[in-house]
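Colleague: Sequence order for the protein chains is A and B.
Heads up: the first sequence is residues 1 to 317, going by this note's numbering.
Heads up: the second sequence is residues 1 to 272, going by this note's numbering.
In case anyone wonders, no lab produced these hints; they're calculated from the structure.
It is possible that part of the hints are untrue.
[Unchecked claim] Computed beta-carbon distance windows for the label pairs:
| id | chain 1 | residue 1 | chain 2 | residue 2 | range |
| --- | --- | --- | --- | --- | --- |
| 1 | B | 201 | A | 234 | 27 to 33 Å |
| 2 | B | 165 | A | 260 | 36 to 42 Å |
| 3 | A | 252 | B | 40 | 27 to 33 Å |
| 4 | B | 178 | A | 252 | 46 to 52 Å |
[As the list claims (entries may be wrong)] Derived pair list, reagent style SDA-like, types lysine to any residue, alpha-carbon separation capped at 25 Å:
| id | chain 1 | residue 1 | chain 2 | residue 2 |
| --- | --- | --- | --- | --- |
| 5 | A | 2 | B | 39 |
| 6 | B | 132 | A | 315 |
| 7 | B | 132 | A | 82 |
| 8 | A | 143 | B | 213 |
| 9 | A | 240 | B | 143 |
| 10 | B | 145 | A | 81 |
| 11 | A | 71 | B | 132 |
| 12 | A | 71 | B | 144 |
| 13 | B | 145 | A | 82 |
| 14 | A | 71 | B | 167 |
| 15 | A | 2 | B | 213 |
| 16 | A | 2 | B | 44 |
| 17 | A | 240 | B | 166 |
| 18 | A | 143 | B | 234 |
| 19 | B | 132 | B | 213 |
| 20 | B | 234 | A | 213 |
| 21 | A | 240 | B | 140 |
| 22 | B | 234 | A | 315 |
| 23 | A | 2 | B | 36 |
[As the list claims (entries may be wrong)] Covered, in the sense of this in silico footprint (three residues per stretch, anywhere, with C-beta under 8 Å from a C-beta of chain B), are these stretches of chain A:
| id | stretch |
| --- | --- |
| 24 | 69-75 |
| 25 | 78-90 |
| 26 | 143-156 |
| 27 | 209-221 |
| 28 | 237-244 |
Note that this is a predicted model, so its numbers are computed, not measured.
Where a beta carbon is used, it is the ideal one built from N, C-alpha and C, also for glycine.
In case you want the letters, here they are:
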Amino acid sequence: MKPAFSVLFFTVTSGIGYGLLMWLVGMQLVSGSVASATEVDVNNFLIMGFVGLTLATLGLLSSTLHLANPKNAWRAFSRFRTSWLSREGVFSLLYYPIILTYAFLVYLNGGELNSLSQIIGALSVLVALSVVICTGMIYASLKPIRQWHNPLVTPLYLLFSFTSGALLYVSMYAGLENEVPRSITILFLVLLVVSFISKMLYFRSIGKPDGATIGSATGFSQAHVRLLDAGHNADTFLTKEFVFDAGAMKLLRLRYLMIILAFVAPLSLVIAAMAWDIAPAIFLAMLSLYSGLFLERWLFFAEARHVVRLYHGDQRA
Amino acid sequence: MKLGLVIDLDTCVGCHACATACKQWNTSGTIGPLSDQSPYGQDPNGSWLNRIRTFEVNQANTSTALVDNSKSASCGSHTFDLHALATQGESALAGVGSNGSPASKTVHMPMSCMQCEEADCVTVCPTGASYKREEDGIVLVDQDKCMGCNLCSWACPYGARELDEEQGVMKKCTLCVDRIYDQNLPESERKPACVLSCPTSSRVFGDFDDPTSEVSKLTVERAGQALMPELGYKPTNRYLPPREKGEVAAMVKTNEPALSKLKKWANRMIAR
Ligand code: SF4
Ligand code: SF4
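Make the full structure from the sequences, and use the hints.
Modeller: What follows is the structure, encoded as structure tokens:
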């Protein structure tokens, strides 16, 4: 599949945004007040919340950029019962009044949580979780693309949202309070390792030959079939949308680069930051993780092979 | 009703008449226009609802039937198998090498929307623009509701949906819904444009729910195939595999001397 910048930016950026907000609210819910959980004061909490919401919003806005007919975008909320894309739209819109009410309540009570704000906070975490799950399911539900129709796809979207959200949390905390918060940093490291293992399992699972072949695509399952002519001498919508070849070697190299940027570098930098209390290393780790995730998303598209390619020269999906 | 097409891969000659007729009818039909981008330029592009691909189907490396289907196999030992034919005699077919390379057939495969029973293209559509009609199973796109997100085209395994770049909305085969029910047309013309235009009558339109319809009968008799059934979309359209053609009279190579050959030829000429 051809990687579209707007979609890469959207999934990575709003993933981080929702991740940050989930941590922010979730930690407060666990400990009962803003101050004791995060040791940031209400103002800093609001700053971090604002950043998270801005990132989520920027992502959502960019996702509308790839619509060919955006004037009908409002209709996308109408098929909640069947379409994951519709669900994603509904949840992401629903999120705003919930999180804003929560922030307002927290602000009113000077950082203390009461039962109402606890309920609303929990609700906000659930809705944010739903948005990210929907994003994953949009891809995971597409049967013609076996690299996406994979049980690891949605968990990976969630894991990356948690992981990158946690690191953004840590780096903002480090920026605002000038120290590295221990517990969530350790949590981040654990999450990073889990994400890494899951991503490797994903690579392994899509590496196995599986799914449709040119034989099943043409009905000649017992013969050797080969495309002679695709019927057109210029590009078509189908070749432009679905046929994207980066080359096996390049893909492999980019996989290594992705592993370094998204996993190895952040891991070492954050450990270094913890060990010697050097906050700037955290920011570097954040930058590296963000670009690594961008590359991860690019690969997610570039390595996905839609079965319609079987009608354009591929032998197997 | 379950309306759809049967396409005969045995007789299709890949002339693209169906695709052209489709474009002509539908560009001024309910979902029209079907825009083109630089139609006379270097890189002509446009929305088509029907595309024809040509494949080489080679039996050389397998001794089984061309189509894996008990139905066609039960027609006897006369299943399409050029390889067996090629290896029967010393030179059963002119030009067959020991590697059996010409034991192949060129198959033209026109593809349009399969009007799937499990149409994921409809499920994924967030706007409700894509829908499947209860009454006849035709899958349509409401041009006024589509937001051009492309998700339905991603969900379609058969490449049956194409975004119209000019209007930003999704286009797909309507099975000529604006023809097949038109009372103003004579009965014989209430068929999709592709079916009417096919010079070899390789395309048949009808109701698969009716066991007496031509499409149902052809599917049973000729072992009509669904494409990529493993994805579970339950496509309605069926493809009839090429038939066994029987042995082609072979050129027999002799070691006759040139002179007697010349005599024979002269005799034949004179006899005329
Ligand atoms: S062929 Fe494609 S567009 Fe047509 S019904 Fe099936 S999935 Fe939908
Ligand atoms: S492109 Fe149009 S018809 Fe297709 S899923 Fe999007 S809104 Fe629905």
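Colleague: Evaluate each hint against the coordinates.
Modeller: Okay, the hints, checked on the actual structure:
{"no.": "1", "hint": "B:201 - A:234: 27 to 33 Å", "result": "30 Å, holds"}
{"no.": "2", "hint": "B:165 - A:260: 36 to 42 Å", "result": "39 Å, holds"}
{"no.": "3", "hint": "A:252 - B:40: 27 to 33 Å", "result": "42 Å, violated"}
{"no.": "4", "hint": "B:178 - A:252: 46 to 52 Å", "result": "51 Å, holds"}
{"no.": "5", "hint": "A:2 - B:39", "result": "24 Å, holds"}
{"no.": "6", "hint": "B:132 - A:315", "result": "31 Å, violated"}
{"no.": "7", "hint": "B:132 - A:82", "result": "13 Å, holds"}
{"no.": "8", "hint": "A:143 - B:213", "result": "32 Å, violated"}
{"no.": "9", "hint": "A:240 - B:143", "result": "22 Å, holds"}
{"no.": "10", "hint": "B:145 - A:81", "result": "17 Å, holds"}
{"no.": "11", "hint": "A:71 - B:132", "result": "24 Å, holds"}
{"no.": "12", "hint": "A:71 - B:144", "result": "10 Å, holds"}
{"no.": "13", "hint": "B:145 - A:82", "result": "16 Å, holds"}
{"no.": "14", "hint": "A:71 - B:167", "result": "12 Å, holds"}
{"no.": "15", "hint": "A:2 - B:213", "result": "43 Å, violated"}
{"no.": "16", "hint": "A:2 - B:44", "result": "20 Å, holds"}
{"no.": "17", "hint": "A:240 - B:166", "result": "15 Å, holds"}
{"no.": "18", "hint": "A:143 - B:234", "result": "13 Å, holds"}
{"no.": "19", "hint": "B:132 - B:213", "result": "22 Å, holds"}
{"no.": "20", "hint": "B:234 - A:213", "result": "17 Å, holds"}
{"no.": "21", "hint": "A:240 - B:140", "result": "23 Å, holds"}
{"no.": "22", "hint": "B:234 - A:315", "result": "22 Å, holds"}
{"no.": "23", "hint": "A:2 - B:36", "result": "22 Å, holds"}
{"no.": "24", "hint": "69-75", "result": "holds (count 6)"}
{"no.": "25", "hint": "78-90", "result": "holds (count 8)"}
{"no.": "26", "hint": "143-156", "result": "holds (count 3)"}
{"no.": "27", "hint": "209-221", "result": "holds (count 9)"}
{"no.": "28", "hint": "237-244", "result": "holds (count 4)"}
When the structure is compared with the earlier hints, violations turn up for hints 3, 6, 8 and 15 and for no others.
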